[in-house]
Amino acid sequence: MFDALSDKFTGIFDGLRRRGALSEGDVTEALREVRLAMLDADVALPVVKDFVARVRERAIGAEVLSAVSPGQQVAKIVNDALVEALGGAGAVPLNLAAVPPVPILMVGLQGSGKTTTSGKLALRLTSREKRRVLLASLDTQRPAAQLQLAQLAERAGVASLPIVAGQSPVQIARRAMEAGRREGFDVVILDTAGRLSIDQALMNEVREIREATSPVETLLVVDAMTGQDAVQTAQAFNDALGVTGIVLTRMDGDARGGAALSMRHVTGAPIKFSGSGEKIDALEEFHPERVAGRILGLGDIAGLVERASETIDQDEAEKLARRMMRGQFTLEDYAAQLRQISKMGSISSILGMLPGMGQMKQKIEDANIDTTVFKRQQAIICSMTMKERRAPEIIKASRKKRIAAGSGTSVQEINKLLKQFDDMATMMKRMGKLGQKGLMRQGIGALMPRGMGQQRPRGY
Amino acid sequence: MALGFLSRLKQGLSRSTQKLTEGLGAALTRRKLDDAALAELEDVLVAADLGPAVAGRVIASFRRSRFGDEVTQAEVRQALAGEIASILQPVARPMLLDPARRPHVVLVVGVNGTGKTTTIGKLALHYMAEGKRPVLVAGDTFRAAAVEQLQVWGERTGAPVISGPPNADAAGLAFDALTRAAVEDADVLLIDTAGRLHNKSALMEELQKIIRVLRKKDPAAPHSVLLVLDATTGQNAVQQVRVFKELVEVTGLVVTKLDGSARGGIVVALAEAFGLPIHAVGVGEQAGDLRPFDAGEFASGLVGQV
Chain A
1 MFDALSDKFT GIFDGLRRRG ALSEGDVTEA LREVRLAMLD ADVALPVVKD
51 FVARVRERAI GAEVLSAVSP GQQVAKIVND ALVEALGGAG AVPLNLAAVP
101 PVPILMVGLQ GSGKTTTSGK LALRLTSREK RRVLLASLDT QRPAAQLQLA
151 QLAERAGVAS LPIVAGQSPV QIARRAMEAG RREGFDVVIL DTAGRLSIDQ
201 ALMNEVREIR EATSPVETLL VVDAMTGQDA VQTAQAFNDA LGVTGIVLTR
251 MDGDARGGAA LSMRHVTGAP IKFSGSGEKI DALEEFHPER VAGRILGLGD
301 IAGLVERASE TIDQDEAEKL ARRMMRGQFT LEDYAAQLRQ ISKMGSISSI
351 LGMLPGMGQM KQKIEDANID TTVFKRQQAI ICSMTMKERR APEIIKASRK
401 KRIAAGSGTS VQEINKLLKQ FDDMATMMKR MGKLGQKGLM RQGIGALMPR
451 GMGQQRPRGY
Chain B
1 MALGFLSRLK QGLSRSTQKL TEGLGAALTR RKLDDAALAE LEDVLVAADL
51 GPAVAGRVIA SFRRSRFGDE VTQAEVRQAL AGEIASILQP VARPMLLDPA
101 RRPHVVLVVG VNGTGKTTTI GKLALHYMAE GKRPVLVAGD TFRAAAVEQL
151 QVWGERTGAP VISGPPNADA AGLAFDALTR AAVEDADVLL IDTAGRLHNK
201 SALMEELQKI IRVLRKKDPA APHSVLLVLD ATTGQNAVQQ VRVFKELVEV
251 TGLVVTKLDG SARGGIVVAL AEAFGLPIHA VGVGEQAGDL RPFDAGEFAS
301 GLVGQV
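Note that the protein sequences, when read in sequence, are chains A and B. Sequential numbering of the first sequence, starting at 1, is according to the working numbering. Sequential numbering of the second sequence, starting at 1, is according to the working numbering.
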């Protein structure tokens with residue numbers, strides 16, 4: 001979601017990197033660009049001003065001018081300030097240290113994703129922290145909202161409070177806490193109706209709910225696509241309820257994420273989770289330092305590793321890595337890799353996590369690459385004999401025709417796959433030579449064949 | 001009803017623009033329109049979600065005509081309202097039903113949580129009040145209880161709702177609904193769809209499939225494709241409109257949640273960038289809270305001349 005912003009930043013710092021020394025004028029110029037980029041990214045104006053002032057204070061002066069690589073120095077200062085603005089390093093966990101049942105109150109504007117987030121949070125607490133969770137919908141406003149939460153609870157395999165028609169939200173909240181105590185639940189998640197911060201009647205109602213249940217966590221659910229208004233909303237809810245945490249939803253969109261930058265600054269409440277998909281397990285801890293890295297085009301390696309370790313079969317991955325290092329990488333291994341990658345999500349979401357790949361990602365999206373290519377490649381490899389998979393050089397015209405017929409593809413596609421496999425083998429040799437240190441210093445770009453970053457990738 | 005509607009809209013708009021108004025007041029109380037004043041004014045516009053580019057253009061035109069003048073708040077507001085109204089005027093067009101189409105097919109699309117289903121409910125009420133026969137299609141077969149949500153709107157408005165089993169194919173459902181609506185001689189078929197982020201190509205293809213399948217029955221369908229936009233959305237709305245327009249040929253916009261503290265300035269940027277008609281605005285949760293979009297009123301509301 002932060003791609004556009006990181007593209008901009010990448011551009012700005014590319015400009016700085018090309019110069020040896022850095023003048024005060026350069027810093028001013030770069031910061032003007034930073035300011036515009038942030039405004040374009042929906043970062044709230046007061047936050048932008050504060051941010052730019054903080055960076056200027058640090059950047060202008062000896063610190064930068066005497067630095068060995070001034071561009072990198074400014075990039076670092078901007079990055080540090082970004083991490084700060086996002087709430088400092090490290091994720092802030094949910095506070096569940098209270099006498100059970102621990103009430104969690106979910107609040108926010110209409111359509112921000114409260115109900116979906118409630119379901120995701122319930123699943124997360126159940127499966128990862130082994131808590132007994134009760135879901136209760138206090139939304140008597142929107143048609144079928146209570147039913148929606150009940151259905152989500154069923155999908156997540158979590159208990160939900162039976163719906164009693166005609167009860168007020170405060171009555172439902174009391175009943176939920178009562179049921180929580182009686183039936184020994186650890187956590188009770190109270191999902192409220194969407195409300196505008198200026199709607200006094202509904203704001204009073206949610207205050208009453210808070211008084212009736214004394215929630216340990218009051219989570220404000222905010223759409224990551226929100227514009228400048230995010231700040232007013234957060235401020236109003238914070239003033240009325242004392243928000244203890246923020247959940248940013250729709251992080252899988254391509255919004256530039258200004259809301260994330262503004263939130264902590266305006267409310268003082270940490271961003272605890274981010275929602276990144278329609279599946280019920282798509283709720284992640286929010287890591288400010290990683291997101292800042294992503295904004296600056298430095299990539300989210302930590303996030304990639306985490307996602308990989310959750311989805312990838314460890315043994316198989318180690319086996320693959322050993323084979324790669326020994327130069328024994330075969331088409332069979334490639335097929336195994338394809339299977340694992342497709343488990344991890346879309347190509348573009350993976351690319352977005354890699355350093356320096358922001359521009360590539362945009363190009364790949366522009367080129368409108370058919371993402372079913374992975375599936376087709378798997379089919380092609382499955383149509384090869386064991387011998388062919390281990391020694392692809394024996395695949396000549398006649399074998400190609402057979403494989404194409406077997407996999408429902410064309411000879412051209414098989415040629416492409418073989419060429420790609422060949423390139424990969426070359427890349428792996430380079431990786432071996434470069435070693436771990438070289439990879440860290442030069443980023444993944446060092447592995448790319450020359451000019452690939454600038455070229456429009458060929459479509460498949 | 002007409003009175004209630006106007007005051008309600010004004011109320012909604014004035015609330016939504018209160019901040020901007022305050023900002024303007026602070027920015028300019030009879031002073032020289034110099035660089036500093038212009039910069040402050042630009043900030044105010046940016047904070048209203050007009051976007052840096054549009055705000056920059058407004059300020060540039062201001063600079064040409066008024067630079068160095070001693071100006072008052074009222075003058076600034078008037079000039080600004082004029083500027084904004086001139087951008088919005090061409091896009092303030094209602095959605096017209098083609099009476100020759102039996103039914104006129106309206107596909108309602110948008111990202112998650114913008115208010116598609118609520119907008120359909122409000123549209124249904126509007127058409128019922130006009131004596132037309134709308135039919136609603138619960139095409140969001142993905143989200144939990146989305147079908148039930150539309151069914152409640154059907155009960156409220158008296159419009160029939162066509163639905164299928166959960167996770168049914170939305171395209172097939174739309175096709176069946178169109179067939180049925182044609183037999184029953186309905187005036188308008190309002191098809192709800194599941195919310196989807198515009199950057200998810202598989203989900204966007206699903207929308208394209210709905211259109212393809214509808215065209216097997218009626219080659220001109222859908223006659224209108226409404227994109228529902230949340231007024232609190234920032235600059236990403238531009239990208240949303242661009243992608244939806246390109247992939248599913250959006251014919252007009254509905255802007256919802258204008259009754260909040262959101263200032264809706266993004267509407268100005270959208271009008272400039274795409275010129276797509278803005279058919280209606282949502283200013284509340286009640287069935288009657290869908291209103292025609294009025295450029296002058298919106299612009300005046302935006303700068304505080306209500």
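Calculated from the structure, these hints are not laboratory results. Keep in mind that a hint or two might mislead.
[As the list claims (entries may be wrong)] One side only, chain A facing chain B, incomplete, derived with CB under 8 Å:
| id | residue |
| --- | --- |
| 1 | Gln232 |
| 2 | Gln412 |
| 3 | Asn415 |
| 4 | Leu418 |
[Unchecked claim] Straight line, CA to CA, 25 Å or less: simulated SDA-like cross-link-like pairs of lysine to any residue:
| id | chain 1 | residue 1 | chain 2 | residue 2 |
| --- | --- | --- | --- | --- |
| 5 | B | Lys200 | A | Ala282 |
| 6 | B | Lys209 | A | Phe374 |
| 7 | A | Lys49 | B | Ile162 |
| 8 | B | Lys200 | A | Lys130 |
| 9 | A | Lys401 | A | Met428 |
| 10 | B | Lys209 | A | Gly408 |
| 11 | B | Lys216 | B | Ala171 |
| 12 | A | Lys279 | B | Gly158 |
| 13 | A | Lys279 | B | Met204 |
| 14 | A | Lys49 | B | Pro52 |
| 15 | B | Lys209 | A | Thr409 |
| 16 | A | Lys375 | B | Gly158 |
| 17 | A | Lys279 | B | Lys200 |
| 18 | B | Lys132 | B | Asp169 |
| 19 | A | Lys279 | B | Pro52 |
| 20 | B | Lys200 | B | Gly158 |
| 21 | A | Lys396 | A | Asp333 |
| 22 | A | Lys130 | A | Gln171 |
| 23 | A | Lys401 | A | Val411 |
| 24 | A | Lys279 | A | Leu241 |
| 25 | A | Lys76 | A | Asn95 |
Computed from a predicted model, the values in this text were never measured in an experiment. Think of the CB as a built atom: it goes at the ideal place given N, C-alpha and C, for glycine as much as any other residue.
Hints and how they fare:
The closest approach between the C-beta of Gln232(A) and any C-beta of chain B is roughly 4 Å, which is under the 8 Å cut-off, so the hint is satisfied. Checking Gln412(A) against chain B by beta carbon gives a least distance of about 23 Å; that is not within 8 Å, so the hint is violated. At its closest, the beta carbon of Asn415(A) sits 26 Å from a beta carbon of chain B; the interface hint therefore is violated under the 8 Å criterion. At about 27 Å, the closest approach between the beta carbon of Leu418(A) and any beta carbon in chain B exceeds 8 Å, and the interface hint on this residue is violated.
For the hint pairing Lys200(B) with Ala282(A), the CA-to-CA distance comes to about 15 Å; that is within 25 Å, so the pair holds. For the hint pairing Lys209(B) with Phe374(A), the CA-to-CA distance comes to about 22 Å; that is within 25 Å, so the pair holds. A hinted pair counts as satisfied when its Cα atoms are at most 25 Å apart, and Lys49(A) with Ile162(B) does not qualify at roughly 52 Å. At roughly 33 Å between alpha-carbon atoms, Lys200(B) and Lys130(A) are farther apart than 25 Å, so this suggested pair is violated.
Between the alpha carbons of Lys401(A) and Met428(A) the distance comes to roughly 29 Å, so the proposed pair goes past 25 Å and is violated. As the CA atoms of Lys209(B) and Gly408(A) are separated by approximately 23 Å, the hinted pair is consistent with the 25 Å bound. Note on Lys216(B) and Ala171(B): the hinted pairing holds, with a Cα-Cα distance of about 11 Å set against a maximum of 25 Å. Our distance criterion of 25 Å between C-alpha atoms is broken by Lys279(A) and Gly158(B), whose separation comes to about 34 Å.
Of the pairs offered as hints, the one joining Lys279(A) and Met204(B) holds, with about 17 Å between alpha carbons and a cut-off of 25 Å not exceeded. Of the supplied pair hints, the one linking Lys49(A) and Pro52(B) holds, its CA atoms being roughly 14 Å apart against a limit of 25 Å. For a cut-off of 25 Å, the pair hint linking Lys209(B) to Thr409(A) stands: about 24 Å separates their Cα positions. Of the supplied pair hints, the one linking Lys375(A) and Gly158(B) is violated, its CA atoms being roughly 47 Å apart against a limit of 25 Å.
Note on Lys279(A) and Lys200(B): the hinted pairing holds, with a Cα-Cα distance of about 13 Å set against a maximum of 25 Å. The straight-line distance between the Cα atoms of Lys132(B) and Asp169(B) is roughly 28 Å, outside the 25 Å bound, and the hint therefore fails. Of the pairs offered as hints, the one joining Lys279(A) and Pro52(B) is violated, with about 35 Å between alpha carbons and a cut-off of 25 Å exceeded. Note on Lys200(B) and Gly158(B): the hinted pairing is violated, with a Cα-Cα distance of about 35 Å set against a maximum of 25 Å.
The hinted pair formed by Lys396(A) and Asp333(A) meets the criterion: a straight-line CA distance of about 21 Å does not exceed 25 Å. A distance of roughly 28 Å separates the Cα atoms of Lys130(A) and Gln171(A); the hinted pair therefore is violated under the 25 Å criterion. Restraint check for Lys401(A) and Val411(A): the C-alpha separation of about 6 Å stays at or below 25 Å, so the hint holds. About 30 Å separates the Cα atoms of Lys279(A) and Leu241(A), which puts this hinted pair outside 25 Å; it is violated.
Straight-line distance between C-alpha atoms of Lys76(A) and Asn95(A) comes to about 32 Å, which puts the hinted pair past the 25 Å bound.
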